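There are 2 protein chains.
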Amino acid sequence: MTNHEQMWEELGLDVDLHKELIKSIDHTFNQTVGAQNERPASMAYFDRVLHESHGGRVAELIEARKNGKKFVGTFCIYVPDEIAMAADAIPVALCGGTQFSIPYGEKMFPRNICPLVKSTFGMALSKTCPYGPIKDLGVGETTCDAKKKAWDVVNFYVMEVPQKKSDLDLKLWRQAVADFKSRIEELTGMKVTAHRLTQTIDIMNDKRRALQKLNEFRKLDPPPISGLDALVIMQAAFNDEPTRFTEHLTELNNELDDRVKKGISPFKKGTKRIMISGCPSVMGNWKVHSLIEKSDAAIVVDETCTGTRYFSNLVEDGVADLEKQLDALAERYMKIDCACFSPNNERMETIEKIVDDHTVDGVVQYILQYCHGYNVEAIRVARILNKRKIPNIKLETDYSEEDMGQLRTRIDAFLEQL
Amino acid sequence: MTNHEQMWEELGLDVDLHKELIKSIDHTFNQTVGAQNERPASMAYFDRVLHESHGGRVAELIEARKNGKKFVGTFCIYVPDEIAMAADAIPVALCGGTQFSIPYGEKMFPRNICPLVKSTFGMALSKTCPYGPIKDLGVGETTCDAKKKAWDVVNFYVMEVPQKKSDLDLKLWRQAVADFKSRIEELTGMKVTAHRLTQTIDIMNDKRRALQKLNEFRKLDPPPISGLDALVIMQAAFNDEPTRFTEHLTELNNELDDRVKKGISPFKKGTKRIMISGCPSVMGNWKVHSLIEKSDAAIVVDETCTGTRYFSNLVEDGVADLEKQLDALAERYMKIDCACFSPNNERMETIEKIVDDHTVDGVVQYILQYCHGYNVEAIRVARILNKRKIPNIKLETDYSEEDMGQLRTRIDAFLEQL
Numbered sequence: 001m002t003n004h005e006q007m008w009e010e011l012g013l014d015v016d017l018h019k020e021l022i023k024s025i026d027h028t029f030n031q032t033v034g035a036q037n038e039r040p041a042s043m044a045y046f047d048r049v050l051h052e053s054h055g056g057r058v059a060e061l062i063e064a065r066k067n068g069k070k071f072v073g074t075f076c077i078y079v080p081d082e083i084a085m086a087a088d089a090i091p092v093a094l095c096g097g098t099q100f101s102i103p104y105g106e107k108m109f110p111r112n113i114c115p116l117v118k119s120t121f122g123m124a125l126s127k128t129c130p131y132g133p134i135k136d137l138g139v140g141e142t143t144c145d146a147k148k149k150a151w152d153v154v155n156f157y158v159m160e161v162p163q164k165k166s167d168l169d170l171k172l173w174r175q176a177v178a179d180f181k182s183r184i185e186e187l188t189g190m191k192v193t194a195h196r197l198t199q200t201i202d203i204m205n206d207k208r209r210a211l212q213k214l215n216e217f218r219k220l221d222p223p224p225i226s227g228l229d230a231l232v233i234m235q236a237a238f239n240d241e242p243t244r245f246t247e248h249l250t251e252l253n254n255e256l257d258d259r260v261k262k263g264i265s266p267f268k269k270g271t272k273r274i275m276i277s278g279c280p281s282v283m284g285n286w287k288v289h290s291l292i293e294k295s296d297a298a299i300v301v302d303e304t305c306t307g308t309r310y311f312s313n314l315v316e317d318g319v320a321d322l323e324k325q326l327d328a329l330a331e332r333y334m335k336i337d338c339a340c341f342s343p344n345n346e347r348m349e350t351i352e353k354i355v356d357d358h359t360v361d362g363v364v365q366y367i368l369q370y371c372h373g374y375n376v377e378a379i380r381v382a383r384i385l386n387k388r389k390i391p392n393i394k395l396e397t398d399y400s401e402e403d404m405g406q407l408r409t410r411i412d413a414f415l416e417q418l
Numbered sequence: 001m002t003n004h005e006q007m008w009e010e011l012g013l014d015v016d017l018h019k020e021l022i023k024s025i026d027h028t029f030n031q032t033v034g035a036q037n038e039r040p041a042s043m044a045y046f047d048r049v050l051h052e053s054h055g056g057r058v059a060e061l062i063e064a065r066k067n068g069k070k071f072v073g074t075f076c077i078y079v080p081d082e083i084a085m086a087a088d089a090i091p092v093a094l095c096g097g098t099q100f101s102i103p104y105g106e107k108m109f110p111r112n113i114c115p116l117v118k119s120t121f122g123m124a125l126s127k128t129c130p131y132g133p134i135k136d137l138g139v140g141e142t143t144c145d146a147k148k149k150a151w152d153v154v155n156f157y158v159m160e161v162p163q164k165k166s167d168l169d170l171k172l173w174r175q176a177v178a179d180f181k182s183r184i185e186e187l188t189g190m191k192v193t194a195h196r197l198t199q200t201i202d203i204m205n206d207k208r209r210a211l212q213k214l215n216e217f218r219k220l221d222p223p224p225i226s227g228l229d230a231l232v233i234m235q236a237a238f239n240d241e242p243t244r245f246t247e248h249l250t251e252l253n254n255e256l257d258d259r260v261k262k263g264i265s266p267f268k269k270g271t272k273r274i275m276i277s278g279c280p281s282v283m284g285n286w287k288v289h290s291l292i293e294k295s296d297a298a299i300v301v302d303e304t305c306t307g308t309r310y311f312s313n314l315v316e317d318g319v320a321d322l323e324k325q326l327d328a329l330a331e332r333y334m335k336i337d338c339a340c341f342s343p344n345n346e347r348m349e350t351i352e353k354i355v356d357d358h359t360v361d362g363v364v365q366y367i368l369q370y371c372h373g374y375n376v377e378a379i380r381v382a383r384i385l386n387k388r389k390i391p392n393i394k395l396e397t398d399y400s401e402e403d404m405g406q407l408r409t410r411i412d413a414f415l416e417q418l
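Chains as they are written, first to last, in the working numbering: chain A, 1 to 418; chain B, 1 to 418.
I should point out that these hints are in silico values taken from the structure, not numbers from a laboratory. Values in this document were obtained by computation on a predicted structure and should not be read as measured data. Check before you lean on any hint, since a few could be wrong.
Said to hold, decoys possible - Facing chain A, a subset of chain B residues (Cβ under 8 Å, in silico): (1) 104; (2) 142; (3) 170; (4) 310; (5) 314.
What the hints assert, rightly or not - Label pairs and their computed distance ranges (CB to CB): (6) 67(A) / 389(B): 43 to 49 Å; (7) 383(B) / 31(A): 36 to 42 Å; (8) 250(A) / 136(B): 30 to 36 Å; (9) 389(B) / 400(A): 34 to 40 Å; (10) 345(B) / 254(A): 34 to 40 Å; (11) 194(A) / 410(B): 56 to 62 Å.
Where is the CB? At the ideal position from N, CA and C, for every residue including glycine.
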């Protein structure tokens with residue numbers, strides 16, 4: 001990371017503690033992402049995005065704010081970036097994936113809620129999050145109990161994601177989308193117009209198309225990229241400026257094209273193909289992906305919020321009317337099949353399709369500790385996988401390194417049966 | 001408990017294991033409820049309701065089903081009993097409060113979800129729940145992640161409780177109420193009419209009035225009834241036939257009137273007055289109430305679903321039109337201030353009011369382990385109590401006896417500071 005000490009000082013961070021945080025994340029990165037072989041050269045950019053997430057990216061946001069832009073911190077892939085961007089706001093995901101800040105989060109929040117929530121608020125509470133001080137608005141949603149109640153405590157704006165998918169639920173969600181637009185307009189003083197929304201829908205659809213293309217490469221045997229690198233790209237997607245991100249992802253996709261032709265891959269043909277299913281792995285969290293691939297299996301798809309749930313389905317474009325654009329946005333985001341829905345048959349169908357499309361040999365249900373939603377839904381997921389005789393295992397874990405030995409043993413035993 | 005062995009056999013229960021369950025509950029009951037002094041004579045009825053919950057009450061339901069009635073198992077105080085009853089169904093809460101069945105629940109469900117869910121499903125999975133085999137419909141709702149996802153697994157009918165209180169949310173809930181009516185009508189083949197609904201609204205309002213009256217007695221110093229006995233009455237309320245229940249509660253209230261005149265109470269005047277706030281304590285679960293009162297404090301109010309949340313607010317009566325009755329029902333039930341709402345300012349206001357009305361000296365936030373909703377909301381509750389300088393403590397616990405020593409120590413230390 002470039003030296004941004006003065007900036008952190010000015011933001012009121014605990015600079016010494018922040019140094020320790022960065023050192024801790026760098027250490028984990030080097031042990032996992034950095035320890036891989038045969039990485040595509042274009043991954044250098046995405047590594048840099050991660051490394052500059054507390055440095056260059058923050059400097060960029062500070063600069064943008066000086067030029068009148070507003071910075072909106074988000075948490076969940078239900079928040080429509082297109083709308084924020086159309087009103088001249090810059091949305092960036094705030095999710096924390098590091099163990100380092102968790103003890104600080106636990107000073108305010110219960111110990112037995114999910115590590116993602118504790119890690120994120122732990123950074124804020126320990127003054128090691130550079131985004132907190134420059135945040136003009138925090139946007140939460142109602143997708144799980146722990147987050148839903150946390151917004152109350154930290155005073156975030158809350159979008160209501162319904163829990164079923166009836167017409168009236170869609171209407172409720174459509175209203176939440178419209179209310180979000182009003183709130184953002186109020187924040188920036190800019191009106192969201194059809195013209196601007198056309199542009200931002202294109203930007204985000206282009207980003208999704210590039211991610212979908214990346215996902216196509218992962219269907220090959222062997223895939224030309226590791227699952228851990230694909231995860232790094234997803235983590236960068238949550239932080240980076242989207243147009244720039246898409247350009248670099250396109251470059252990487254071209255390189256992957258080339259690698260396929262030349263037969264270059266981190267894996268041998270016939271390597272066991274794993275799907276990760278369940279909870280997101282946000283920046284700082286490479287633990288389970290790394291463990292699995294170090295055990296000589298290939299993660300070929302992530303059925304998670306840092307995977308297919310983020311980039312599946314485009315927003316209908318070519319719609320010139322503002323209200324219809326909002327309809328299209330509401331419709332696209334409502335297709336995300338989070339475990340927050342009851343029932344969640346759509347997710348079951350998605351899983352069956354992905355398992356076929358990516359020729360999956362085994363499924364790892366990845367559950368962030370205390371995430372009741374995905375943890376209980378895992379029963380249903382296991383049922384449909386068992387019915388199709390696809391081996392599957394549930395790994396419930398947090399961000400700590402304490403259970404790594406145990407996880408490795410379980411993963412190895414699982415891979416042996418494939 | 002009367003001998004109902006043949007009935008349990010016919011229901012397909014594991015009769016031997018069921019005997020052990022009953023023995024275990026009886027043991028806990030005797031150690032807690034039964035160990036009290038100066039109990040009102042009329043408590044005998046409510047004790048009997050609890051003791052006959054797997055016996056006489058089940059026999060009664062079997063008899064009613066033979067006469068064409070349908071039995072509806074519910075879980076949550078958002079399910080409007082009035083509607084079920086108006087279509088000739090009998091709603092009974094299925095919530096489990098016993099440690100005994102938890103290991104069986106954990107065979108299917110994650111260990112780290114709330115004991116109430118695990119206890120309930122554990123009874124079903126271990127064939128010790130007599131209600132499962134006679135249930136014509138199970139009705140769940142969307143108030144927390146663990147329950148919401150459990151319904152998917154066990155195939156319950158699900159009412160969507162919204163997460164905010166906008167006009168559109170109320171509309172969504174109103175629709176859920178109407179859909180529930182249709183589902184119940186389909187089940188019983190009976191139409192819900194305005195005439196029948198008038199009757200059942202009266203029945204349930206009478207029940208609430210009697211519970212409100214009981215709650216008034218608890219405002220006195222000393223209260224003429226223990227918090228543990230008041231809890232037993234609430235637990236009976238979830239199981240008993242409502243008209244019969246109200247008759248017996250009226251009798252008890254009359255006795256309490258008399259006790260007040262005569263100065264009879266389980267407590268001395270000036271006994272420290274505790275409010276329990278947070279999660280419900282359902283049948284089988286007397287642990288924390290008993291510990292607190294054994295430490296010479298009086299629980300004078302329960303701000304829980306087995307307390308004020310259940311009986312506050314009547315349904316508007318005297319409405320002759322069916323649609324308007326459904327409006328009134330939707331409105332009344334939406335006033336319940338469960339932690340599932342974001343934000344939940346109504347609950348904060350309620351707590352401030354109750355603390356005054358009951359002259360509360362200290363608040364015990366009672367959190368069922370892994371209940372993220374009440375656990376995270378506890379931060380806000382503590383803030384408003386601290387602001388008013390009302391001592392408060394958070395006790396997070398399950399149904400086991402393992403932490404009783406530790407709880408006792410914490411409770412004693414807390415009471416000393418009052």
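Here is how each hint holds up against the structure:
1. 104: Because about 15 Å separates residue 104(B) from the closest Cβ in chain A, which is outside the 8 Å limit, the hint is violated.
2. 142: Where the cut-off is 8 Å and the nearest Cβ of chain A is about 4 Å from residue 142(B), the hint holds.
3. 170: Where the cut-off is 8 Å and the nearest Cβ of chain A is about 11 Å from residue 170(B), the hint is violated.
4. 310: Violated. Min distance 21 Å.
5. 314: With a minimum Cβ separation of about 27 Å from chain A (threshold 8 Å), the hint on residue 314(B) is violated.
6. 67(A) / 389(B): 43 to 49 Å: holds, 47 Å
7. 383(B) / 31(A): 36 to 42 Å: For residue 31(A) against residue 383(B), whose Cβ atoms are near 40 Å apart, the range 36 to 42 Å holds.
8. 250(A) / 136(B): 30 to 36 Å: 58 Å Cβ-Cβ, so the 30 to 36 Å window is violated.
9. 389(B) / 400(A): 34 to 40 Å: For residue 389(B) and residue 400(A) the Cβ distance comes to about 38 Å; the hint holds.
10. 345(B) / 254(A): 34 to 40 Å: violated, 53 Å
11. 194(A) / 410(B): 56 to 62 Å: About 60 Å separates the Cβ atoms of residue 194(A) and residue 410(B), which means 56 to 62 Å holds.
In summary, the numbered hints that this structure violates are 1, 3, 4, 5, 8, 10.
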